[in-house]
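Protein chains in written order, with our numbering: chain A, 1 to 627; chain B, 1 to 173; chain C, 1 to 122.
Don't read these hints as lab results, they were simulated from the structure.
Treat the hints loosely; a few may be bogus.
Pairwise CB distance ranges (calculated) [stated by the list, open to error]:
(1) C:Glu62 with B:Lys88: 52 to 62 Å
(2) C:Ser51 with A:Lys553: 19 to 29 Å
(3) A:Ser274 with C:Ser69: 27 to 37 Å
(4) B:Lys88 with A:Ile86: 49 to 59 Å
(5) C:Glu62 with A:Lys553: 22 to 32 Å
Model, not experiment: these values are computed from the prediction.
Built from N, CA and C at the ideal position, the CB exists for glycine as well.
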Amino acid sequence: MLINQIGYYSLILGLLLSVLLCGVSIKDFNNSSKQINQKVLSLSFLQLVFVIVSFVSLIFSFINSDFSNETVFNNSHTTKPLFYKISGTWGNHEGSLLLWLLVLTLFIFLFLIKSKQQPKKYRILTLLFQQIIIIGFFLFVLLTSNPFNYLFPIPNEGLGLNPILQDPALAIHPPILYLGYVGTSIIFSSSLAAVTQNYVSKEWSQHIKKWVLVSWIFLTLGIMLGSIWAYYELGWGGFWFWDPVENVSLMPWLTLTALLHCIAVLERRSALTSWVIILSITTFTLSMCGTFLVRSGILNSVHTFANDPARGIFILIFLFVLITLSLGIFFFFHKENNKNSNNFFWLSRETSILINNWFMMYFLSVVLIGTVYPIFLDVISNEKISVGPPFYQKLIVPFLIPFLLFMSLGPRLKWIKSKIENKNSLIITFIISVMLTFFILKNLTTDLLFYTVLVSVAFFLLFTTLKELFIKKFYNISQTVAHFGFSLLILSILFNSILSSEIITNIKIGEKYNYNKSEIFLKKTEERKESNFNAIIGHFEIKDQSGKIIELKPEIRVYNQPVIITSEADIKTTLLDDKFLAMNLVKGNEYFNIRYQVKPFMVWIWISVLLLSLGGLMSLFKKKYEK
Amino acid sequence: MKNKFILFTVIVAISFCFIIFYKGLNNSNTYTPKITDKKNIPIFEAKDFNSNAYLNSEKIFEEDIFYIINIWASWCVPCRTEHPLLMKLSKNQSVKLVGLNYKDNLNNAKDFINEFGNPYSQIIIDNDGTLSIEFGAYGVPETFIIDKNKKIIRKFVGPINEEIVEKIESIIK
Amino acid sequence: MKILKIFIIIFLSIGFSQSKSDEKSDEMKSKILKNIRCLICQGQSVYDSESDFASSIKLTVEKKINEGSNEEQIYEFLREKYGDWIIFDPKLNKNTYILWLLPLLLFLFGGAIIFKRLNSKK
Numbered sequence: 001m002l003i004n005q006i007g008y009y010s011l012i013l014g015l016l017l018s019v020l021l022c023g024v025s026i027k028d029f030n031n032s033s034k035q036i037n038q039k040v041l042s043l044s045f046l047q048l049v050f051v052i053v054s055f056v057s058l059i060f061s062f063i064n065s066d067f068s069n070e071t072v073f074n075n076s077h078t079t080k081p082l083f084y085k086i087s088g089t090w091g092n093h094e095g096s097l098l099l100w101l102l103v104l105t106l107f108i109f110l111f112l113i114k115s116k117q118q119p120k121k122y123r124i125l126t127l128l129f130q131q132i133i134i135i136g137f138f139l140f141v142l143l144t145s146n147p148f149n150y151l152f153p154i155p156n157e158g159l160g161l162n163p164i165l166q167d168p169a170l171a172i173h174p175p176i177l178y179l180g181y182v183g184t185s186i187i188f189s190s191s192l193a194a195v196t197q198n199y200v201s202k203e204w205s206q207h208i209k210k211w212v213l214v215s216w217i218f219l220t221l222g223i224m225l226g227s228i229w230a231y232y233e234l235g236w237g238g239f240w241f242w243d244p245v246e247n248v249s250l251m252p253w254l255t256l257t258a259l260l261h262c263i264a265v266l267e268r269r270s271a272l273t274s275w276v277i278i279l280s281i282t283t284f285t286l287s288m289c290g291t292f293l294v295r296s297g298i299l300n301s302v303h304t305f306a307n308d309p310a311r312g313i314f315i316l317i318f319l320f321v322l323i324t325l326s327l328g329i330f331f332f333f334h335k336e337n338n339k340n341s342n343n344f345f346w347l348s349r350e351t352s353i354l355i356n357n358w359f360m361m362y363f364l365s366v367v368l369i370g371t372v373y374p375i376f377l378d379v380i381s382n383e384k385i386s387v388g389p390p391f392y393q394k395l396i397v398p399f400l401i402p403f404l405l406f407m408s409l410g411p412r413l414k415w416i417k418s419k420i421e422n423k424n425s426l427i428i429t430f431i432i433s434v435m436l437t438f439f440i441l442k443n444l445t446t447d448l449l450f451y452t453v454l455v456s457v458a459f460f461l462l463f464t465t466l467k468e469l470f471i472k473k474f475y476n477i478s479q480t481v482a483h484f485g486f487s488l489l490i491l492s493i494l495f496n497s498i499l500s501s502e503i504i505t506n507i508k509i510g511e512k513y514n515y516n517k518s519e520i521f522l523k524k525t526e527e528r529k530e531s532n533f534n535a536i537i538g539h540f541e542i543k544d545q546s547g548k549i550i551e552l553k554p555e556i557r558v559y560n561q562p563v564i565i566t567s568e569a570d571i572k573t574t575l576l577d578d579k580f581l582a583m584n585l586v587k588g589n590e591y592f593n594i595r596y597q598v599k600p601f602m603v604w605i606w607i608s609v610l611l612l613s614l615g616g617l618m619s620l621f622k623k624k625y626e627k
Numbered sequence: 001m002k003n004k005f006i007l008f009t010v011i012v013a014i015s016f017c018f019i020i021f022y023k024g025l026n027n028s029n030t031y032t033p034k035i036t037d038k039k040n041i042p043i044f045e046a047k048d049f050n051s052n053a054y055l056n057s058e059k060i061f062e063e064d065i066f067y068i069i070n071i072w073a074s075w076c077v078p079c080r081t082e083h084p085l086l087m088k089l090s091k092n093q094s095v096k097l098v099g100l101n102y103k104d105n106l107n108n109a110k111d112f113i114n115e116f117g118n119p120y121s122q123i124i125i126d127n128d129g130t131l132s133i134e135f136g137a138y139g140v141p142e143t144f145i146i147d148k149n150k151k152i153i154r155k156f157v158g159p160i161n162e163e164i165v166e167k168i169e170s171i172i173k
Numbered sequence: 001m002k003i004l005k006i007f008i009i010i011f012l013s014i015g016f017s018q019s020k021s022d023e024k025s026d027e028m029k030s031k032i033l034k035n036i037r038c039l040i041c042q043g044q045s046v047y048d049s050e051s052d053f054a055s056s057i058k059l060t061v062e063k064k065i066n067e068g069s070n071e072e073q074i075y076e077f078l079r080e081k082y083g084d085w086i087i088f089d090p091k092l093n094k095n096t097y098i099l100w101l102l103p104l105l106l107f108l109f110g111g112a113i114i115f116k117r118l119n120s121k122k
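Chain A on its own, in the form it takes in the complex (with noise of 0.2 Å):
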């Protein structure tokens, strides 16, 4: 119970303290020293270490069980396993908000200490704009969503955490998501006073570009663990379902991801600063955005947190306050540069930065009207409609194939004005990955002219990578490894979509079912006792056509409380395929009904995800090696 008040009153400190730490940044503003007051500094870090010890106490008490925390009555139960009790603490709304407050205060913080070489009044206005956000976060969570309210009588048990929530993947997903998620507030901050000071200039942009790569390496690190976990654990097989939530994260990426490709037109050329901002405040909005979306209940979808309406007019009024206060800077203060270095010639690098911006911004405004549309729509003429899948996979789909031209053509322009090299060797490599396509896919596909063509670029990209990769000597690798890696990405996807196979069927303790050759065999069933959960696993053996055998164990469990029964999948990987067997009960039968997959190149896309944060994160430590 202690903890409880310890955990407590240090949100409460924490918010004392952006106060004091406005004072004493303003006040210090105007002082004539190049350096911040060593006093901000210091404000700042205690900050940190407050919430933390805000963060740590809710940790405590769910690791103890204390059920006179409302927040671990909850989400928790005494027999949950020990990960899981420190991954409840912000597997729900509050704590959570908890780990927004620590990666808001963490950032800021870290923010003072590495730039010590920036102007200092850029400095402590960043430190404000922060502040005010970190603010905001205090008083949402002390008004609407405290994580340390008081139950009495303290009830035994608790209601428990939904089992579907219980798995590694989801339990370091918020960790990481938040890292780049929250940290686009970073960016927020920074941009505004760098318009305010007049500073959105090629050594600002130096300077942030490598926050902006922190967080877009983490948000594409969360994203892709997301994935995996919707992968074996929810739907069948399934790893983006274009659910809202998943929209919500997927937005400040697409921006984030352009806004990292105009960082390096603004380094060289000194253009494209309003856009920059512009950009800069996007994302961090679509941050806010995202948040009241899931928070607020105002969307229906499998992974929303509390549905409190109360909430979300907070978080409303909240954005909007950041929404307004953004834009009214930008109008206010923005001074349009030079009008002559905005002019960039057709075949230059900047033009195709610029052609990868306008791209991104459709992708964007596909996922953000699909997203929301509902809702206007609702409000308006109280109708209410699906945005699902179809929507997103017919209007971006197509878009990818110019887009992945673009991607394969434009870095091998040079900057100010160009003309393509080796146009012969180009024509060729085109040549080449049309005819792979057209005779891989040729019996594959009924749908045969237009997974050619976007297979075909998909291959163009990943061709001109990698001869960048080996032929050339190692200039701008990093961009070369994350462009290889999302060539790989969609030829992954492509590939894994047309090539996957299902069966499903009922099937009998000591039955086999033949299909194509090939057989599936339920061998027996044993049942297994876990803490919190009863299971009940199926013994299967898999012959393929070659006679191999493969042996699956999916489960089904039957959790103690909630009371939830899971399909838990058994997925074998290799690198060639996943084999993914799920089983569930048929209702009043001794059958079980079973789905077996076969998923060709499943773990090339986490692979191929996986490059795309290496590209990052070598553009993060380039300038050991690089010009």
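Based on the hints, put chains B and C in the right spot on chain A.
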């Protein structure tokens, strides 16, 4: 001038979005369809509970009277709580109750009726749930009011309660 | 620029034609089931759900396929019973013109801005 125009459009757009989201918060996000256009009852053939014979939907709803269709099952726990209210409604002269036995075991269903009483003038069987889909049902229990023009005019998802019974009684007067 | 726009239109039409080529009944059934929302679940499709409602829908769709209905007829049947909300693919009707067209308009708008910027020296 151009900047002022952009600023103005942006302010208008943002205010618009704010208002929409604000109103959207107050709307429920679970869809309970109101029956705005009255739908005709589906045409179907279903097995009778007692006689095992196949009955035509026209025959079931042939009288010039209000009908209530109630989807129930012996394994459905909320059905037990609403059952006494159904018994009460069955005494109302202006309506006849038709029961739709949903994905049930015949013997268990018969035991249920014997134990709790039979409010239905007729019971038909829906073994696989497809008949309920024809009515646009979500699951069990669910209750529909059919007017004298053989149109579905109201639907109640979930077990009925006193308040709903009052509503029904005022509609069928 | 014009070439770009033509390319885009061509690629879009290829994309839309993709949806007309499913032949096998199983493939069609899976495709349909993935496009139907399970109304008592939070955001899952009927294909992904094991609930009662989803099972009933699966059987109904199977029956209709065996009776010879095509994909659009089955969607129309379900829309009539449950409203547009049950189908994940928003049909192009008066409610959804903006939904489908706005992204494309924005794309063209973005293209126009870039075009102007690249040509402004002249």
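Verification of the hints:
1. Checked against the hint of 52 to 62 Å, the pair Glu62 of chain C and Lys88 of chain B fails, with Cβ atoms roughly 39 Å apart.
2. Our hint of 19 to 29 Å for Ser51 of chain C and Lys553 of chain A holds, since their Cβ atoms are close to 25 Å apart.
3. Checked against the hint of 27 to 37 Å, the C-beta distance between Ser274 of chain A and Ser69 of chain C comes to roughly 54 Å, which is inconsistent with it.
4. The given range of 49 to 59 Å is respected by Lys88 of chain B and Ile86 of chain A, whose C-beta atoms sit roughly 53 Å from each other.
5. For Glu62 of chain C and Lys553 of chain A, the Cβ-Cβ distance of about 30 Å falls inside the hinted range of 22 to 32 Å, so the restraint holds.
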